[in-house]
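Asks: Chain by chain, the residues run as shown.
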Amino acid sequence: MAQTFHQSTNTLSKLSIFGALFLVLGALWVTVEVNRAPYVTQEGVTREQPVPFSHQHHVGGLGIDCRYCHTSVEVSATAGLPPTKTCMNCHSQIWSNSPTLEPVRASFRNDTSIEWNKVNDLPDFVYFNHSAHVNHGVGCSTCHGRVDRMPLMAQAASLQMEWCLECHRHPERYVRPQAAVFDAAYEPPADQLVQGSRLVEDYGIHTRTSCSTCHR
Amino acid sequence: MRPLCVLCGMLVLVGCRQDMHDQPKFRPYRPTDFFGDGRSARPQVAGTVARGQLEEDTLLSSGKTGAAFADAFPVEVDEKVLRRGGERFRIYCSPCHGALGRGDGMIVRRGYRQPSSFHVDRLRAQPAGYFFDVISHGFGAMPDYAAQIPVKDRWAIVAYVRALQLSQNAAMADVPPDKRGELEPAPETP
Chain A
1 MAQTFHQSTN TLSKLSIFGA LFLVLGALWV TVEVNRAPYV TQEGVTREQP
51 VPFSHQHHVG GLGIDCRYCH TSVEVSATAG LPPTKTCMNC HSQIWSNSPT
101 LEPVRASFRN DTSIEWNKVN DLPDFVYFNH SAHVNHGVGC STCHGRVDRM
151 PLMAQAASLQ MEWCLECHRH PERYVRPQAA VFDAAYEPPA DQLVQGSRLV
201 EDYGIHTRTS CSTCHR
Chain B
1 MRPLCVLCGM LVLVGCRQDM HDQPKFRPYR PTDFFGDGRS ARPQVAGTVA
51 RGQLEEDTLL SSGKTGAAFA DAFPVEVDEK VLRRGGERFR IYCSPCHGAL
101 GRGDGMIVRR GYRQPSSFHV DRLRAQPAGY FFDVISHGFG AMPDYAAQIP
151 VKDRWAIVAY VRALQLSQNA AMADVPPDKR GELEPAPETP
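The listed protein sequences derive, respectively, from chains A and B. The first sequence begins at 1 in the working numbering and counts up one residue at a time. The second sequence begins at 1 in the working numbering and counts up one residue at a time.
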């Protein structure tokens with residue numbers, strides 16, 4: 001009896017089994033990459049705000065320190081958003097007739113909150129603490145990017161677990177002198193690894209990778 | 001075959017639920033519809049005193065002894081306090097008063113009312129408590145900084161303002177000879 005399939009199909013079927021392996025791996029790889037894509041992580045996404053507050057203007061242009069507005073960043077887990085009174089410190093006199101600032105004045109008059117849209121948003125099962133970072137030589141711009149160039153706030157990092165861990169495993173690649181933590185325009189020196197390792201020692205930084213550091 | 005596909009599809013979609021990402025609990029600034037003003041962080045109940053709010057030391061909390069401003073510090077002033085004060089001064093005061101307290105800060109250059117320089121006889125003669133009071137309650141067109149600056153930091157700033165007043169009114173002869181080499185040029189006003 002003649003064979004139903006030509007002999008060459010042997011090779012073909014082996015090839016397709018082999019190919020299926022790549023197909024599965026490929027599919028996995030695509031899934032992983034999609035998960036890292038800015039579309040999923042919101043990296044680089046700018047958010048509309050009720051008042052077009054510009055860090056470029058206030059930080060880059062006027063040179064106001066982060067802590068003038070984010071007062072709790074050195075002492076607590078949350079950086080803190082400024083209450084309307086903080087805006088009115090200056091805007092009671094500056095641009096006090098500008099229609100752009102009407103929501104701020106209305107909020108001050110009526111004692112209501114300005115509802116800022118959250119830009120950096122970790123899942124609720126992750127614990128994060130600002131004071132643990134800014135008091136150990138991790139600068140705002142390492143995580144939040146060049147806010148002094150942002151007319152509207154955008155998320156600068158993926159905020160994924162691998163991103164946190166990359167630094168928690170190798171802090172010497174990122175830490176800077178304590179005096180430069182609030183400098184939005186800081187550029188790491190050419191010998192970052194040498195200086196970083198020294199600072200890691202000076203500041204008593206340990207690699208923190210146990211799950212309960214961030215999931216508690 | 002078809003039920004299997006539907007089942008697989010459902011399994012994949014289950015992964016899209018965000019229940020653990022958005023748990024029904026309050027993190028800072030999260031809104032609520034339980035209270036009329038929408039704030040989950042509640043203001044302090046009127047007439048109550050929280051820990052640390054009791055003002056036992058009138059000099060510390062008001063800058064006064066009796067009815068008059070005191071010319072004394074309730075905290076010991078050392079180099080650490082001065083450095084802290086300098087840092088806080090640059091954050092909260094220099095936008096208007098300038099890095100040297102001359103009243104030429106960035107916000108003033110953009111049209112805010114110009115404050116008087118700290119280096120006039122009238123202000124050099126004011127007691128320390130006066131400066132503390134201005135920070136805590138504001139003065140004329142100047143807003144108060146009670147909400148932004150904790151009490152101890154306000155005193156550190158006052159100490160730094162005093163140091164500024166001395167340094168801006170000093171001659172080379174006031175500097176001990178062995179320290180003259182350490183003098184740096186004045187910082188640029190931001």
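Among these hints, one or two may not hold up.
Selected chain B positions facing chain A (Cβ under 8 Å, derived; list incomplete) [said to hold, decoys possible]: (1) Arg-27; (2) Tyr-112; (3) Ala-147; (4) Pro-176; (5) Arg-180.
Calculated from the structure, these hints are not laboratory results. Remember, predicted model here, so these are calculated numbers, not experimental data. For each residue, glycine too, the CB sits at the ideal point set by N, CA and C.
Asks: So, for every hint listed, does it hold in this structure?
Replies: Hint check results:
no., hint, verdict
1, Arg-27, "7 Å, holds"
2, Tyr-112, "5 Å, holds"
3, Ala-147, "6 Å, holds"
4, Pro-176, "26 Å, violated"
5, Arg-180, "25 Å, violated"
In summary, the structure is inconsistent with hints 4, 5 from the numbered list given earlier, while agreeing with the others.
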